[in-house]
Amino acid sequence: MPGQSIPDHLKISPFLVLYMVMSMQIGIGVLGYQRLIVLTAGNDAWISVLITGGCIHIIIWMIYKIAETVNGDLVSAHVYIAGNFVGKLLSSFFIIYYFIYSLTVQRSYLEVIQVWMFPTMNIFWFTLAYMLLCIYIIYGGVRTVIGIAFFGIVLPAYLFPVFGFSLQLAEFNHLLPIWNNSLKDILIGSYKMSLTFIGFEVVLFFYPFIKEPQKSKKWAHLAILLTTFLYTSIMIITITYFSRDLLSRSVWATLTMWKIVNFPFVERFEYIGIATWSLVILPNVCMSIWISSRLLKRIFNLQQKKGVIIMAAATLIAINFLPTRAEVSLLNDITGQIGFVFNFIYIPLLLVVVMIVKKVKKR
Amino acid sequence: MKRWLNKKQNDSKQSKENWEKALEKSNDFTQSTYINQKSNVPFCLTFMSTLVDEQIIQQGVLPYLLEGELNKLEDIKKIVPSADVEISTDHTVIDKKILNGYILLTIDTEPEHFAFIATQKEIVRSLSPPEIEFSVIGPKEAFVESLGQNLNLIRKRLPVKELIIEEYTLGSLSQTKVAVLYMHGITNEENVNTVKQRINEVHFDAITDSSYIVQLICDNSNSPFPQLLDTERPDRVSGILAEGKIAIVVDGSPHVLITPTTLIEFFSSFEDYFLNWILSSFFRLIRVGAVLFSLLITPIYVAVLSYHYELIPRDLLGTLVASRRQIPLPPILEALFLELTIELLREAGARLPTKVGQTIGIVGGIVIGTASVEAGLTSNVLLIIVALAALASFTTPVYKMGNTIRLLRFPFLLAAELWGLLGIVFAFCIMLTHLIRLTSMGRPFLEPIYPPRVTDLKDSFIRLPFRFQSKRPMLLRTEKRERFSKKKAKIKKDIDEE
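First to last, the protein sequences are chains A and B.
Note that the numbering used here numbers the first sequence so that position 57 is 57, with each residue one more than the last.
For the numbering used here, add 363 to where a residue sits in the second sequence, where the first one is 1.
Because the hints were derived from the structure by calculation, they are not lab data.
From a predicted model like this one, the values you see are computed outputs, not experimental measurements.
Ideal Cβ placement from N, Cα and C applies to all residues, glycine included.
Take the hints with a grain of salt, since some may be wrong.
Unchecked claim - Listed next, the stretches of chain A that the computed footprint assigns to chain B, with coverage defined by at least 3 CB atoms under 8 Å from CB atoms of chain B:
hint, stretch
1, 56–67
2, 133–142
3, 147–154
4, 265–273
Throw the hints in and build the complete structure from the sequences for me.
Encoded structure:
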């Protein structure tokens, strides 16, 4: 298949999958996922997080199963089950998905900036600068994109210990009694949590670029484990730090927690946090634009250099049509739902179909 | 057949006249005829008087030619006590040889043969201590401008047959000799081939220093970062050769190039290897910290005072506001004013003779600084910050990297003015992307940070003791990973045992 044989020196080491998956998962959601979950699952919200994390291990296993069977990315899988034309038609849907995904991330981050730092921030100019940076990154190839993913995890890691400040004021009684909420509520919480967790499906697109993909499996699972740990711990800190009432009014609970951070030379730590967060969401935007441009290349044989510019320009234009908070949250909901359907319904289905086709082809 | 022969003879005559005609125009062209005292054979010496050593001719060549048994050209090999005597029939090399300081010797009876005797005058500056990469401990020799001398300094430190020296001549006008050094059986062949290929592809007329080579063979010439390390320390060169890197020595340049390099290497001084590993690791960390400080502190000042007053605790804010109360300028202009002043001082100091430079430093640093604070143009907090940042940028052991750091401060400043802290992070992302994309001879420049290689971290931000350095860096993909056998070096000893 054209465009599938990637020379070895352009591939990435298996363990970099850890950073790839983690940085795609951790994005804008972390800044304020707690409220929604706690609203349904109450003080058992952290159990919801754990359940979702567990489910994702199964999905990741499925993703690897699909990729191994067809020995390629999602487009290969679609072509494998439905032939060239239908397969590519199916795949072209994901161009739109990743376009909306990058748009959502970018716009939501701008929303945070507008609310917390610069109320009059010009959306167009900031997006233009951000898109130019993305083009520069993607032009460096997969190695550079994953490099940004790596730094998007390693450099902002200093933010994690900062949650210790909130721990000083933690009221662990809030966690009790455990299993206070019905299983149904907890599961609904898990469903809502899945929106923050999505992103791990990038493996399905980057698979041909991984050196010795067999070895990368454990790293992908480790990534899920670490993200689950991170989300669970932040959730527990949030539940113990906030009163239920206050939390239901905190849209960005993580940012609110940073307010308590106090150094002799820094007072409002959330400014630093938000600024650093642009390094966290950069890989999100880059990888989704990379994927959509890669899909353009795989499906329509469009040069990826052109594809990147088209996707970046489309984001730049589209972002102007989302001026207010209402549109941003609508967009977030849509992306979350598509993401849920894709990850938790479509991928299992795809695996089943791939397995059936494999059996049929063997005969 | 005969016609062809005639023509060939004509040709040779033509070319002979050509080189002679061309060289005759210069006043230092010398041609004189002598007669051998024993055989009465007349012979002619042609040379450029500015290139040859008169003393060698007068004492080491001419007496033997006059008094020895000279019948035919072959005889000089016996009578002239010089190792570099060559007999040739090739006309085309004559001008090249003469211009390289050889004497051309011809005998009328043998018009088709020429002898060349090496009599080059070599003006060598005596060895001096390194000035840019000075170290308190360790060898005090630095490279000089002569290729031969420099190669001697390196070979002396690595007297093994594995050290290979390959010479090239570059530059259509300057004819600069360039030597590529590597260790056979250790250095990765692919790296050596890349370097050789790049050097062969150099097309430039006059190469006067190794810095030319750096710019001509580096991976990305549009990058502000130096991608080849240059050093004036022979000990450093021999050290990195043993590690499996490649050195490029250029005639006429006291700086030897080292490749492939990584970003971190630019922050390591060779003195780090002379000190205890705890001390040197500490110093390295300080240097890396200094670079980040120098790069970010003024932009942070501008960002905070322009946009994020809230970031500063009340007590500290009081100090800041008090120092800025009288200042009419916005923080960005204030910062640019001071940064440019420091740059002016540095530039003036670098161009002026040492003694005048010191005076300028005192005048600039103390007088201008104090006066501008007193006049209410800048705040004294910023003055401290800028001075510290300048100081920090000078801790970088490699001069070229220090320049890069100082240059990069300005885009950061502008970004900070534009979008505050967000702008700083944004500028940082651009720099980061650039560094990730950058390669040095095809090897990743940011290694071992990205691609992350834990084993190579042993000699990066920190320097672990030598017993942990049993393996060569993964970056270089050396043919022989092991530097020494760790098992042999291991000493098993229990308490109170010998």
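Point to revise | Hints not upheld, ascending by number | key: 1
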